[in-house]
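Q: Residue numbers (my numbering), protein chains in the order written: chain U, 35 to 311; chain X, 3 to 343.
Worth flagging that the hints you see were computed from the coordinates, not collected in a lab.
Misleading hints may appear alongside valid ones.
Example chain X residues on the side facing chain U (calculated, C-beta under 7 Å, incomplete) [claimed, not checked]: (1) Ala104; (2) Val109; (3) Thr116; (4) Arg132; (5) Leu214; (6) Val303; (7) Val306.
Since this is a predicted model, take the numbers as computed values, not measurements.
For every residue, glycine included, the Cβ atom is placed at its ideal position computed from N, Cα and C.
Now for the letters of each chain:
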Amino acid sequence: MAESFGRAAPVRHGIRAYLLIVAMWVRSTLTYRASFAIMAVGNAAGSGLEFVTILLMFSHIDELGGFGLPEVALLYGSSATALGLADLLLGNVERLGARVRDGTLDVLLVRPAPVYVQVAADRFALRRIGRLLQAVVVLGWALARVPVDWTPGRVVLAAAMVVSGAAIYGALFTLGAAFQFWAQDAAQVQNSFTYGGNAMLQYPPTVFAKDLVRGVTYIIPLAFVNWLPALRLLGREDPLGLPSWVDFLGPVVAAVVCGGAALAWRAGLRGYRSTGS
Amino acid sequence: MTADQVDGQVDGNGPEFIALEGVEKVFRVRRKAGRLRRVKQEVRAVDGIGFRIGRGEMVGYIGPNGAGKSTTIKMLTGILVPSGGRIRVAGIDPSKERTRLARRMGVVFGQRTTLWWDLPLKDSYELVRRMYRVPHDTYRKNLDRCVELLDLGPLLDAPVRQLSLGQRMRGDIAAALLHDPEVLYLDEPTIGLDVISKARVREFLREVNATLGTTVLLTTHDLTDIEQLCRRVMVIDHGRLMYDGALDGLHGIGGSERTLVVDLERELPPIEGVPGARTVKVEGPRQWLAFPATQSAAPVVAAVAERWPLVDLSVREPDIEDVIARMYTRSAPKPRTPEAR
């Protein structure tokens, strides 16, 4: 046990513990394969309906806010993929409030693994992969159709968009969970930003009021999940007329909100440990 | 056994494994006072506690509800950060190095499981093995012993949520011991269990303490747990340590009484003339006789059986609340009495 505890050691231990718990839940899920398959398909169908709505809309119109179907599909696919990833990997942190209320958080605190990792990995829901796959299919279809000249730089931008988008959503899940250290029933507030934000980001920013777009750019930085980088990929101006370098800030914004979420989580946990439940 | 023996064990054998000095835990709560006004109030859940426990000791930690037992355990395990004072467990400050200490301790909460609710028991154990990095042979050895002594064999494939309270408790205790912890904390391990389950849990704990030398600190409401397991008992009330020593001594100080309940053949006038005992209650053919807890029940039973038509009998131990209440009335006036709460 007395290994060399370098600076990276806690992170490595955390990831190891995460994978251990996740592996256990995956194995336990797969003992009932039929049930898992039905849940995963149902999960995909549930989120797929949102895209069917978009398809139906485009059977009557050719453009939405100046965006064609492949372009809207790019927005839909990128946001849904990012949310799907974050939800699959970290979505269970939203159950923190229930754990604080019923006292089971104490149980996690006596185990030799970071509490955050245990909360995030607990009851890992592999069925959420259904939603993720559905989103990836739409994203793949959109990437093949959009009129973009794929240079290496644009490929990197597209990949960075999905990864930082997932990180931003993950940070929002974490912020929401951290808030539950103080207000145990606040899961819905965070849901309105993550799931609600996703429902909004699936449509072009041009269809929304400018104040709303400002809000999701400057206050809750959802615009960096897909709007700004996707507009850059598609060679369009953003409705706020921001300087062009802002479009590349996704990873920076993601790093900042993740840092903020980590601080909030620490503060919440410290508060819990000094006040009890 | 005398208090001296217990003290000798503390100072003599081994290092001070657990050491607390002036430990405090103050909760600030907001209480409603009127429609909108909130009054901030300080609750001193633990109010300057100090004790030492040697390696391999088995100590009972008792007190009424809300006395500060669980808060102390939470501070010892690193769940809560003390507001003041100093805690060392195996030389480690629990609140600072929680995860490092976690590998060396086992915790059982009577009220909630440390197992994964939806996983079969054996998967939970497997996860514990990996999380605590228990070597395979140690794991095998410990699991086999627990399965045998706690009779877990038929339960291993059942999800934890399907287990009865007694089964779950046995499962929890096994999980807490798989990684060879140096110290085991049990918070109300027998609460809600039936007589057979209680007996099995006690027997197992005694075995673990005796053969593995695991240090054990257990909180309980049931004085029988202490009687059968612990040579040393600590009593806490209102966040303060009221007593630390042998159980007999506690009864001596408190002047507490045991009760002999006898069922006679028919209704008779109150039993009289039994040395050391007095009749405190009569209800039809059933009578209650109180006698000092330090005294053996045998002569009282013999004296009653000799002169009265005895059908059945049972002996009731004093409960903790009673013992503590007596401690207050016997000792010099304390700043706060239980009634003042």
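Q: Take the hints in turn and mark each one as holding or not.
A: Hint by hint, here is what the structure shows:
1. Ala104: With a closest approach of 4 Å, the Ala104 (chain X) hint holds.
2. Val109: It holds, given that the least Cβ distance between Val109 (chain X) and chain U is near 4 Å, below 7 Å.
3. Thr116: 5 Å, holds
4. Arg132: 5 Å, holds
5. Leu214: Violated: closest Cβ of chain U sits about 19 Å from Leu214 (chain X), beyond 7 Å.
6. Val303: 44 Å, violated
7. Val306: At about 47 Å, which exceeds the 7 Å cut-off, the nearest Cβ of chain U leaves the hint on Val306 (chain X) violated.
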